[in-house]
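A.B. asks: The primary structure of each chain is shown beneath.
Protein chains: 2
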Amino acid sequence: MQINLHQTHHTIADFSEIFSYLEQQDNDGVFSNSINLFPELFLCGYPLQDLLLTREFIVNYCDLLDKIKLWWSSKPRSNSVLLLGGLSYEIREEIPYAIQNVVYELSENENLKEIYTKCLLPSYDIFDEAKYFTPGNKAIVWKYQDLKFGILICEDMWFSPHYKIDPVKELFEVSKDQKLNGIFNFSASPFYLGKEKSRINRASQISQQFSNCPFYYVNRVGSEDEIIFDGGSFHCNHEKVLSKALSFKEDMVTCTISEAKEINGNYLEDVAAHSFETLFRTQLDYTLEPPQLKKLEDSDYECILHALNLSIMDYADKIGAKKFLVALSGGIDSALVLTLIKLFLRDDQEVEAVYMPSQYSKGLSYDICKELCDNLEVKLTTQSIKFLHSAIRNSFSENFVELSGLADENIQSRIRGSLIYARSNQNGSIVINTSNKSELAVGYSTLYGDSVGAISPLGDLYKSEVFELSKYINKKFENLIPQEVISRPPSAELKENQEDSQSLPAYEILDAILEGYLSYKYDAQGLIKLGFLENDVNKVLKLNNFSEYKRKQFCPIVKLKAKSFGFGRRIPITKKAPRR
Amino acid sequence: MQINLHQTHHTIADFSEIFSYLEQQDNDGVFSNSINLFPELFLCGYPLQDLLLTREFIVNYCDLLDKIKLWWSSKPRSNSVLLLGGLSYEIREEIPYAIQNVVYELSENENLKEIYTKCLLPSYDIFDEAKYFTPGNKAIVWKYQDLKFGILICEDMWFSPHYKIDPVKELFEVSKDQKLNGIFNFSASPFYLGKEKSRINRASQISQQFSNCPFYYVNRVGSEDEIIFDGGSFHCNHEKVLSKALSFKEDMVTCTISEAKEINGNYLEDVAAHSFETLFRTQLDYTLEPPQLKKLEDSDYECILHALNLSIMDYADKIGAKKFLVALSGGIDSALVLTLIKLFLRDDQEVEAVYMPSQYSKGLSYDICKELCDNLEVKLTTQSIKFLHSAIRNSFSENFVELSGLADENIQSRIRGSLIYARSNQNGSIVINTSNKSELAVGYSTLYGDSVGAISPLGDLYKSEVFELSKYINKKFENLIPQEVISRPPSAELKENQEDSQSLPAYEILDAILEGYLSYKYDAQGLIKLGFLENDVNKVLKLNNFSEYKRKQFCPIVKLKAKSFGFGRRIPITKKAPRR
Chain A
5 MQINLHQTHH
15 TIADFSEIFS
25 YLEQQDNDGV
35 FSNSINLFPE
45 LFLCGYPLQD
55 LLLTREFIVN
65 YCDLLDKIKL
75 WWSSKPRSNS
85 VLLLGGLSYE
95 IREEIPYAIQ
105 NVVYELSENE
115 NLKEIYTKCL
125 LPSYDIFDEA
135 KYFTPGNKAI
145 VWKYQDLKFG
155 ILICEDMWFS
165 PHYKIDPVKE
175 LFEVSKDQKL
185 NGIFNFSASP
195 FYLGKEKSRI
205 NRASQISQQF
215 SNCPFYYVNR
225 VGSEDEIIFD
235 GGSFHCNHEK
245 VLSKALSFKE
255 DMVTCTISEA
265 KEINGNYLED
275 VAAHSFETLF
285 RTQLDYTLEP
295 PQLKKLEDSD
305 YECILHALNL
315 SIMDYADKIG
325 AKKFLVALSG
335 GIDSALVLTL
345 IKLFLRDDQE
355 VEAVYMPSQY
365 SKGLSYDICK
375 ELCDNLEVKL
385 TTQSIKFLHS
395 AIRNSFSENF
405 VELSGLADEN
415 IQSRIRGSLI
425 YARSNQNGSI
435 VINTSNKSEL
445 AVGYSTLYGD
455 SVGAISPLGD
465 LYKSEVFELS
475 KYINKKFENL
485 IPQEVISRPP
495 SAELKENQED
505 SQSLPAYEIL
515 DAILEGYLSY
525 KYDAQGLIKL
535 GFLENDVNKV
545 LKLNNFSEYK
555 RKQFCPIVKL
565 KAKSFGFGRR
575 IPITKKAPRR
Chain B
5 MQINLHQTHH
15 TIADFSEIFS
25 YLEQQDNDGV
35 FSNSINLFPE
45 LFLCGYPLQD
55 LLLTREFIVN
65 YCDLLDKIKL
75 WWSSKPRSNS
85 VLLLGGLSYE
95 IREEIPYAIQ
105 NVVYELSENE
115 NLKEIYTKCL
125 LPSYDIFDEA
135 KYFTPGNKAI
145 VWKYQDLKFG
155 ILICEDMWFS
165 PHYKIDPVKE
175 LFEVSKDQKL
185 NGIFNFSASP
195 FYLGKEKSRI
205 NRASQISQQF
215 SNCPFYYVNR
225 VGSEDEIIFD
235 GGSFHCNHEK
245 VLSKALSFKE
255 DMVTCTISEA
265 KEINGNYLED
275 VAAHSFETLF
285 RTQLDYTLEP
295 PQLKKLEDSD
305 YECILHALNL
315 SIMDYADKIG
325 AKKFLVALSG
335 GIDSALVLTL
345 IKLFLRDDQE
355 VEAVYMPSQY
365 SKGLSYDICK
375 ELCDNLEVKL
385 TTQSIKFLHS
395 AIRNSFSENF
405 VELSGLADEN
415 IQSRIRGSLI
425 YARSNQNGSI
435 VINTSNKSEL
445 AVGYSTLYGD
455 SVGAISPLGD
465 LYKSEVFELS
475 KYINKKFENL
485 IPQEVISRPP
495 SAELKENQED
505 SQSLPAYEIL
515 DAILEGYLSY
525 KYDAQGLIKL
535 GFLENDVNKV
545 LKLNNFSEYK
555 RKQFCPIVKL
565 KAKSFGFGRR
575 IPITKKAPRR
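If you're matching them up, the sequences are chains A and B in order. Taking the working numbering, I'd label the letters of the first sequence as residues 5 to 584. Taking the working numbering, I'd label the letters of the second sequence as residues 5 to 584.
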């Protein structure tokens, strides 16, 4: 016997694709003489949100279960086990009163038997599991032939004091008089930087608590709107990782079954950082004066490239788009987005770049766009908005309104938003958004203007990280991105000689304040104590509060960090708070 | 002694406003010889979402509690009780591990003592309370002098089988050997049509179960983004409503205290429609052939007027806007929105209407806008987009792209979106969205075009209800809305002789299918069985699925129904589903 970790990549609710995968693996003999672990909610996908409550979904899901039962019973199944993450519905009079997140067993003894229910339902940040699921409350030891395994589903291994029970501790209690061959964790664990390391650390810690018992972790892969599942399934014990699946790709890992372990001694209260607590880190790692954002490493940027690749390609594939469209400005954000798309592009896909200069655009901006597109071998179209801008100004003048200030700046951005979407409509491409996290945080963008797009690859990277990622790409791919766009001062180019630094603190300051405010939950006083200028802090916090309405109408932001804008951060627009 | 129901109207997190209210009422002698009930979470507002987890909010909230304690202890407080909804934080090492939704007592005996914790945490639809709160699990009888009362917080009175305990039943158990003078319910209960009636029915039912014990219900009033709290606090027993506060307005009701009631007999399992179940109604009330949307009554439309009034005015006041801007098209939606704003307008506010005809706009459209604005005495500005539209076409032609079909239609809508926002930027007004629920459901609108706006008053009304509400207003206010706009066939006027009926089923069919699909959770097969044409059903469901990405970027929709688009309906964009 061996253990196979099936790190699968399916579209949510694509039940025929899911069934085909099982059939195919079966036909290929993969299930013979093996215990096959499939990710949390493998049978339906995750996160499903309100799809879980729609009749269409429920009917199709139940049909899948019936189909699987029939298929499984169609031939003898000795020495072949599947443990599959799925849903269990309790429906009374067509109303789903309880839904559980469970593991099903398929074996010679069982045909889709629920063997375990997830106990810890994460409901912080992007998670809403308590909204949909009814928790389990019981640890079990699963037995097959003479083998014994502990079972956990995802969050179950991340106890935090806000939960009522610790499933790892419960498992320890129920298994301490038995020899365990291993512990299984079935996951659909969203990616953010550093997450993989913390999963392996935590698994290794649990292995230690269970006398170096092997730990088998199987994770989903794929991207759903803003959430990436990075896979990276692994088999480890306390000492080392014994085998590991690819990250960000479908994969299968075959693991050996070790000798059974007697569980010794007492359960040690663990000291790990829990999943929930990462949202309330209380100590900022600001070691330089003035406080600065902690720099990411090259390995982080490499990881970000893979994450963005999976996310953007999955989004396009799942909505059925083959063409991408990027509006270049001559600035770093759009240059980086175009470069990323080009790096990710498959042979069956296309990308087009459009540069839409106004009267305020500098010659350098065009030169940058041209050089970038030459480097990338991407077609560049230039479509000036000068005439349209003056036509709109005239149209207002005729009505005795003179566009000025912000109105005159924003209209340029909105003309571009309109033009890029006209092009997208005409050629069936999807527009990739180019906003970064710093802009989003302070509302330094035009709603329906430069903030448009189907999905935002940079919305979780601060401006300073956008620069660093660009430099990393240039190191890796021989200066694809023109040096001038990295060295020139950022500007929206919506009025004469405009530079971002006229409206905002320098980005290294802005980004450090934002990280302290958003990820570390510092308030204004706390930030000022850290060494930031009171003026800067107050300005940034006011801008952040005031721009909530813009973020409400923003497209999905690819999540790369523990704390991101989007579905994982829900702040009312109408509240008492400092105003501009 | 008497009981005062304080139906308060405050901005969330406006702690100084909240404290001032208490001080003012105290100075006015309102608290003397009375028990004063304040709504659920009165001390902070609701819903707070992630504000609950920000340090700024926590610090300011705790400051308020300290300030209240000091104020309460500053003078003798005999025969004066305040029962206030608020939060109780359990914080360890600056991390909020548990937050409870509680009632505090202020009296001569107690200074902000937590006396009860909410047991049922609604987490369906717009509600996310299990995400933030730790539930209570104990019913109590609250005693003051020789008076005894049962306590419930909002959802506690709406037991449904998906909850583990029934707080009303628990209350029955703990109070059956005691004489009760009444039952208090502290609510922050969101409005939708029919909600007030169901609250009173349920309270009356509970009163019956408790031997006709008086029921005191105090509700919050005000509007937060998309959610309206309608007030309507009341005092009832099984036989009748004894007193009732205004709906949609701040108010205070003074009630008498009745003689204590001995609780008799057994608790009757109630048969009421529960709050959760309204989202899964299984029987469509389609009595006509072919199935038709159930018609709302005049009293519903009157209620909708009040609800929209509160919502739009609260939104504007809370973000500090004094000017409104509406883009008129010559169609019914925008005509109705302008009429509503004008009806709601206060003396310190202004509204402006803009008509932006294209080459496809009919003369009748202008005539309608003109007549409407004359009727309403609103300034109408006409700003043609003909020239801009052809300038954009030319700009593309120069790049060898001919705008056609959808691209050419959408660009007209986006020019209008850009122009209306330029005007809004220039004069500091907020743009009121004009989309209706039918359009939103099938994506019959242009993203960043006619879908723009700060808030959507009609996004929860089907097109047929938009017509009915317009007719109701015309009946009430002497034909404010020109008859022609009600009788002409709906058209986007984005190409020659376009009518909505060319792309969509007739609205009475479309709306009935949508209501069956969205509110009653029928799937395609179920709808076809009801009598709808298979073609219509498939088309509508495909369009609905395909347009999820548009709804994700839409502004807050004022919630008027049990099932609305927006925060209460969360469907992933990337999923397996029928595509166009």
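Mixed in with the good hints there might be a few duds.
Since the list gives no way to pick out one identical chain from another, each pair is judged satisfied if it fits inside one copy or across any two copies.
[As the list claims (entries may be wrong)] Lysine-lysine pairs mimicking BS3-like chemistry, simulated, CA-CA at most 27 Å apart: (1) LYS73 <-> LYS580; (2) LYS79 <-> LYS173; (3) LYS147 <-> LYS374; (4) LYS374 <-> LYS117; (5) LYS248 <-> LYS199.
None of these hints come from the bench; they were simulated from the model.
A.B. asks: Which hint numbers doesn't this structure obey?
C.D. replies: Violated hints: 2, 3 and 4; rest satisfied.
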